[in-house]
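Trainee: So the sequences go chain by chain: A and B.
To convert, note that position 226 of the first sequence is 226 in our numbering; the numbers rise steadily by one, no gaps.
Take any residue in the second sequence, note its place counting from 1, add 1000, and you have its number in our numbering.
These aren't lab readings, by the way, just hints derived from the structure by calculation.
Predicted model, so just to flag it, every value in this text is computed and none were measured.
Each hint should be verified, as a subset may be incorrect.
Think about it this way: if two alpha-carbon atoms lie no more than 30 Å apart in a straight line, the pair counts; the simulated DSSO-like pairs of lysine-lysine are [stated by the list, open to error]: (1) B:1096 x A:52; (2) A:8 x B:1002; (3) B:1022 x A:114; (4) B:1096 x A:93; (5) A:181 x A:114; (6) A:93 x B:1175; (7) A:52 x B:1006; (8) A:45 x B:1002; (9) B:1002 x A:73; (10) B:1217 x A:45.
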Amino acid sequence: MIEIDNIKKSFDGKEVLKGISGVFEKGKTNLIIGASGTGKSVLLKCIVGLIKPDEGTVFYDNRDFTNADRNLKTDIRREIGMLFQGGALFDSKNVEQNVIFPLNVLTQMPLDEKLDRVNFCLQRVGLENVNKKMPSEISGGMKKRVGIARAIVNNSSYLFCDEPNSGLDPQTAITIDNLIKEITEEFNITTIVVTHDMNSVMEIGDYVMFLHEGLKVWEGSDQNIMKSQVKELNDFVFANKMMRTVRNEETPG
Amino acid sequence: MKSIGKYILFIGSLFVNRERFKTYVQLTLDECINIGINSLVLVSIVATFIGAVSTIQTAYNLVSPLIPDYVISQVVRDLTILELAPSITAIVFAGKVGSNIAGELGTMRITEQIDALEVMGINSVSYLVFPKVLASLITYPMLVVIAGFLSIMGGYLAGVYTGIVTEADYIYGLKVDFIEFNVFFAMIKSFVFAFLVSSISSYKGYYTTGGAFEVGKASTIAVTNSCIAILLADYLLAQLLL
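So that you can see chain A by itself, here it is in the shape it has in the complex (with noise of 0.2 Å):
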């Protein structure tokens, strides 16, 4: 479980975050939804570590990440696996190298353990014969998948995931938010997922925290979404047609 708590980052005098609170619980697909600019991905580097918030702390199963430690914070971290929204694999590495990358450094098994690992992964994630194909010879969906992989290979407890399906296919886009969802549910870990894909939403959202303009102003399940009084909320729902159309046809007249 994570818990975030009155977080606040500003950018140049400019408040970004404004104070944002909230649960994200384990084996659940947790997504964090709203506009560009709203601060979707800087929410989550502060979750991360990668940006310090000006206020607030972030809690990893009651341990303060926020505050913790130079030792505790990287155990925290060797917890962690992410998804970036351009796969960020390394471009000097070919895909298995890039799924045995956190094992190597990180831990000390064996060659033959690490690689049958990096194999399981590769073949939970739907990819087979592709180890020395380099991240310049694959799809963009396939480099989400490696991404997926590596970051799910040191049996990672929390998973975060910075706009999966940006460019990819609507067909693509669903294999992953679906394979993100039962990788949380199979491992029983912590996602939590950055979108602003209404598809996604409604596939994989067990918990979905919507943010305007800095503020979180609507939390719940993907189940409430629609029926929502909240005018932010309902603008960025109902922005595209087929949204639109779903909603006449659920409430006639």
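Chain A is already provided as a structure; the job is to place chain B on it using the hints.
Mentor: For chain B alone, kept in the frame of chain A given last:
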């Protein structure tokens, strides 16, 4: 001043929260190939031609019949050991290796590869930069020695085969009044320049923000700042040690 403070903190973070020693061995060896071996051809060409040109230009300037011919190689020797091999090679090194380091780290920064390392709990400065600095400290002095040798050889070829100076005079000039401290001085300079080029370029690349345009800009600034630092350090070391 803020930049200098940030640079000092950056250098400090090379030595904290490091990974296992074994991790750095392979990384450093890879960087030695990338930084040292891959610079060998360029450094060799530059050094040989600079030595050749120095010989011809020294001979051109020594017009008095009272000055013996061996002075040409004596001048080329001291010029090479004191300045050309360590300092001019450093400028070439900054252009090739400095821009490469800044470009590589800048690209890793904008494509979130550095963030990926940080999220894994790896000290990205230490993991990425320490092997580059260490490899530069190992290979650059070797490049300077090779550059010095080739520069003197270039001078020999240009001098002897064009008839400017006889082989015996050239070799005699290399030996006469030789000051061993000059070689030690050149080695001190080479360590200082290697550290400056690798660390300044890494610093500029590591803190790149933006996109491809900024990566290009960071590479250019890395080379410019490295060159300025080399020239300043060159002057200070000459003042202090000679």
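Trainee: Hints first: check each against the structure and report whether it holds.
Mentor: Comparing the hints with the structure gives:
A distance of roughly 36 Å separates the Cα atoms of residue 1096 (chain B) and residue 52 (chain A); the hinted pair therefore is violated under the 30 Å criterion. The straight-line distance between the Cα atoms of residue 8 (chain A) and residue 1002 (chain B) is roughly 25 Å, inside the 30 Å bound, and the hint therefore holds. Proposed proximity of residue 1022 (chain B) and residue 114 (chain A) is supported: the alpha carbons are some 17 Å apart, at most 30 Å. Annotation: proposed proximity of residue 1096 (chain B) to residue 93 (chain A) holds, straight-line Cα distance about 23 Å (limit 30 Å).
Taken as a hint, the residue 181 (chain A) and residue 114 (chain A) pair is honoured in the structure, with Cα atoms around 25 Å apart against an allowance of 30 Å. Restraint check for residue 93 (chain A) and residue 1175 (chain B): the C-alpha separation of about 50 Å exceeds 30 Å, so the hint is violated. Simply put, residue 52 (chain A) and residue 1006 (chain B) have alpha-carbon atoms about 17 Å apart, close enough for the 30 Å limit, and the pair holds. Between the alpha carbons of residue 45 (chain A) and residue 1002 (chain B) the distance comes to roughly 25 Å, so the proposed pair stays at or under 30 Å and holds.
For the given pair, residue 1002 (chain B) sits about 27 Å from residue 73 (chain A) by alpha-carbon distance, which is consistent with the 30 Å threshold. Taken as a hint, the residue 1217 (chain B) and residue 45 (chain A) pair is honoured in the structure, with Cα atoms around 26 Å apart against an allowance of 30 Å.
Against the hints set out earlier in the document, violations occur for numbers 1 and 6.
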